[in-house]
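Trainee: So the protein sequences, as listed, match chains Y and F.
Using UniProt numbering, read the first sequence as starting at 1 and increasing by one per residue.
Using UniProt numbering, read the second sequence as starting at 1 and increasing by one per residue.
Just so you know, these hints were derived from the structure itself, not from any lab.
Keep in mind the model is a prediction, meaning the values are calculated, not measured.
Warning: the hint list may mix true and false statements.
Claimed, not checked - Derived SDA-like pairs: lysine to any residue, alpha-carbon spacing no greater than 25 angstroms straight-line:
1. F/Lys151 x Y/Lys155
2. F/Lys112 x Y/Val138
3. F/Lys135 x Y/Lys155
4. F/Lys129 x F/Lys112
5. Y/Lys117 x F/Asp91
6. F/Lys135 x Y/Pro209
7. F/Lys274 x F/Leu83
8. F/Lys112 x Y/Thr198
9. F/Lys151 x Y/Thr198
10. F/Lys38 x F/Lys135
11. Y/Lys155 x Y/Ile175
12. F/Lys135 x Y/Ala105
13. Y/Lys118 x F/Leu92
14. F/Lys173 x F/Asn240
15. F/Lys129 x F/Asn240
16. F/Lys112 x F/Ala217
17. Y/Lys118 x F/Glu35
18. F/Lys200 x Y/Glu187
19. F/Lys177 x Y/Arg189
20. F/Lys200 x F/Thr103
21. Y/Lys118 x F/Lys112
22. Y/Lys118 x F/Gly95
23. F/Lys129 x F/Ile216
24. F/Lys200 x F/Phe104
25. F/Lys129 x F/Ala96
26. Y/Lys117 x F/Glu99
27. F/Lys135 x Y/Gln301
28. F/Lys173 x Y/Ile188
29. Y/Lys117 x F/Leu92
30. F/Lys112 x Y/Asp115
The chain contents come next:
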Amino acid sequence: MTLLTTGLGAHIRSASIRGKVKGGENSARSILFLVILWLSLFVSFGVLLTLIITTLIDGADRLDARLITEFPSSAPERAGLRPAILGSIWVIGVTAVLTIPLGVAAAIHLEEFADRKKWINRVIELNVQNLAAVPSIVYGLLALGFLALLGVQNKNIVIGGALALGLLVLPVIIISTREALRSVPVEIRQGSLALGATPLQTVWRQTLPASVPGIATGAILGLSRALGEAAPLLVLGALVFVSFDPNGLLSGYTTMPIQIFNWTSRPQAELHELASAASILLLGILIAMNGLAIFIRNRYQQRW
Amino acid sequence: MTSDSRSASYSTNAEIKPALHVTPQHGHRGGLLPELPKPILECSDVNVYYSDFRAVTGVDLVFGQNEITAMIGPSGCGKSTLLRSLNRMNDLIVGARVEGSVTFQSEDIYAKEVDAIEVRRRIGMVFQKPNPFPKSIYDNIAYGPRVIGMKASNMDDLVEEALTRAALWGEVKDKLKQSAFGLSGGQQQRLCIARTIAVKPDVILMDEPCSSLDPIATSKIEDLMFELREDYTIVIVTHNMQQAARVADRTAFFTALASEDTGDRTGVLVEFDKTQKIFESPSDQRTEDYISGRFG
Numbered sequence: 001m002t003l004l005t006t007g008l009g010a011h012i013r014s015a016s017i018r019g020k021v022k023g024g025e026n027s028a029r030s031i032l033f034l035v036i037l038w039l040s041l042f043v044s045f046g047v048l049l050t051l052i053i054t055t056l057i058d059g060a061d062r063l064d065a066r067l068i069t070e071f072p073s074s075a076p077e078r079a080g081l082r083p084a085i086l087g088s089i090w091v092i093g094v095t096a097v098l099t100i101p102l103g104v105a106a107a108i109h110l111e112e113f114a115d116r117k118k119w120i121n122r123v124i125e126l127n128v129q130n131l132a133a134v135p136s137i138v139y140g141l142l143a144l145g146f147l148a149l150l151g152v153q154n155k156n157i158v159i160g161g162a163l164a165l166g167l168l169v170l171p172v173i174i175i176s177t178r179e180a181l182r183s184v185p186v187e188i189r190q191g192s193l194a195l196g197a198t199p200l201q202t203v204w205r206q207t208l209p210a211s212v213p214g215i216a217t218g219a220i221l222g223l224s225r226a227l228g229e230a231a232p233l234l235v236l237g238a239l240v241f242v243s244f245d246p247n248g249l250l251s252g253y254t255t256m257p258i259q260i261f262n263w264t265s266r267p268q269a270e271l272h273e274l275a276s277a278a279s280i281l282l283l284g285i286l287i288a289m290n291g292l293a294i295f296i297r298n299r300y301q302q303r304w
Numbered sequence: 001m002t003s004d005s006r007s008a009s010y011s012t013n014a015e016i017k018p019a020l021h022v023t024p025q026h027g028h029r030g031g032l033l034p035e036l037p038k039p040i041l042e043c044s045d046v047n048v049y050y051s052d053f054r055a056v057t058g059v060d061l062v063f064g065q066n067e068i069t070a071m072i073g074p075s076g077c078g079k080s081t082l083l084r085s086l087n088r089m090n091d092l093i094v095g096a097r098v099e100g101s102v103t104f105q106s107e108d109i110y111a112k113e114v115d116a117i118e119v120r121r122r123i124g125m126v127f128q129k130p131n132p133f134p135k136s137i138y139d140n141i142a143y144g145p146r147v148i149g150m151k152a153s154n155m156d157d158l159v160e161e162a163l164t165r166a167a168l169w170g171e172v173k174d175k176l177k178q179s180a181f182g183l184s185g186g187q188q189q190r191l192c193i194a195r196t197i198a199v200k201p202d203v204i205l206m207d208e209p210c211s212s213l214d215p216i217a218t219s220k221i222e223d224l225m226f227e228l229r230e231d232y233t234i235v236i237v238t239h240n241m242q243q244a245a246r247v248a249d250r251t252a253f254f255t256a257l258a259s260e261d262t263g264d265r266t267g268v269l270v271e272f273d274k275t276q277k278i279f280e281s282p283s284d285q286r287t288e289d290y291i292s293g294r295f296g
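Sequences are here, hints too, so could you generate the full structure?
Mentor: Given below as structure tokens:
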């Protein structure tokens with residue numbers, strides 16, 4: 001007992017845990033800091049909310065079945081998005097078919113087979129990273145040049161748009177696939193190889209299946225970005241009046257963002273209203289796609 | 001526990017097993033162990049490099065058929081590196097290279113006309129951390145036979161056989177379709193052993209297979225090793241000297257030596273002998289220091 005009342009023991013007994021700590025939870029500095037945080041959040045979120053709400057108010061009246069079923073028309077009350085929706089589906093669908101296999105294959109090569117020490121592979125890697133940051137209009141110009149080189153006269157065709165958007169989406173898919181492949185532990189590959197599986201069997205039966213949720217998430221996010229793009233398609237001449245359903249790879253088309261752009265650039269207020277309604281629809285589709293991506297990630301992602 | 005779950009078809013060595021279980025050091029075959037191992041896998045003057053770094057230097061070692069050989073030694077002595085060079089798992093590491101010769105049934109496994117994939121089919125490996133595939137228990141076992149194109153007339157039988165041999169059948173027979181991730185660590189490790197057995201290799205390499213397991217799971221794996229010894233050759237790397245003393249017929253002691261000119265450390269084989277000899281009367285002072293806990 002004597003030990004406790006001397007030295008350290010005495011110190012411990014005298015100290016109380018009551019009282020305020022300088023700079024603690026309720027101090028002026030902490031509160032100010034919190035207020036700043038709230039303000040920043042409010043500015044970013046508030047702007048978005050305002051935009052959505054005003055668009056909703058503007059377009060609510062035209063958010064009806066006609067929007068989906070009708071063709072565009074100079075008479076606003078009879079105009080709709082039908083060919084633009086179908087055009088978007090066509091272009092994005094073809095983009096997906098073109099880029100997902102290509103992107104996944106490229107990622108598999110870079111991640112599983114390429115010798116990372118070779119300079120060529122490093123250059124490729126660096127380029128893929130950079131390609132993801134290239135402005136989308138550049139891809140439009142690239143596709144335009146490519147089609148011109150092939151001697152294609154009418155460049156407003158589904159496959160042309162898909163080509164431009166594919167270039168845009170490809171780096172995103174490669175990067176997300178590589179990340180998904182990388183998240184598969186090396187022990188799984190070793191376990192497979194130690195059983196006498198070939199490297200190809202290991203990729204095909206272990207690494208790739210385990211990466212599918214990550215790949216799907218990345219692909220959906222990439223495609224949803226492409227769905228909202230207008231610039232590369234404008235370059236390719238998609239700003240046209242389409243009064244028919246696109247029906248093939250060589251069909252003419254327009255897409256939802258371009259139809260929206262088209263309507264907002266007209267003087268009639270009714271067409272602006274229509275553009276707002278179309279924006280809401282596009283926003284809804286994008287949110288649904290991103291939601292699906294998040295759902296796949298949370299539901300199916302393998303936890304190691 | 002292991003004998004309950006064994007199926008009738010695997011009782012060929014049942015009369016040996018109880019005897020193994022009663023003596024405290026049931027792993028040792030005492031006088032039954034031949035003076036020299038009957039070679040199945042041999043290293044002669046093996047050097048293993050990682051780029052310029054020499055991890056293992058000048059190892060001569062013979063692994064005896066149907067024996068358990070333990071490789072012990074302090075961290076960094078190259079025992080895991082050597083183990084991985086025995087079935088060419090080192091090929092997967094960029095810059096890794098093996099000099100000298102490693103022969104399996106008198107054939108050089110690093111020869112040009114030998115495919116590493118075939119080597120790994122004959123010489124399986126169980127890893128430090130249980131690494132079940134993200135598949136069902138059944139598919140974990142069936143994976144190996146499927147990828148190597150084994151002609152199994154009945155996959156169900158093959159799966160049952162492998163799980164039975166790994167003393168896991170009784171615990172998992174009602175949940176074969178469930179994910180292997182739902183098993184305990186010890187069960188997962190036995191699943192990995194079962195998976196290795198399913199492709200019917202000749203040699204099983206084990207890289208510290210019990211280091212992440214509790215003592216009960218460890219003792220199950222050790223029991224399993226005695227049973228497997230009847231049909232397989234086992235090489236085990238372990239940090240646990242008691243484990244080596246318990247399970248191994250022969251033990252190889254490695255240490256790390258610092259090179260005189262560069263100061264780089266490299267792994268060398270100090271002594272290789274019957275386990276009893278290594279632990280009771282080692283001929284090298286360094287071995288004695290290590291096993292008596294004076295260094296490492």
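Trainee: Run through the hints listed earlier and report the numbers of any the structure violates, in increasing order.
Mentor: Of the numbered hints, 1, 2, 3, 4, 10, 11, 14, 16 and 17 do not hold.
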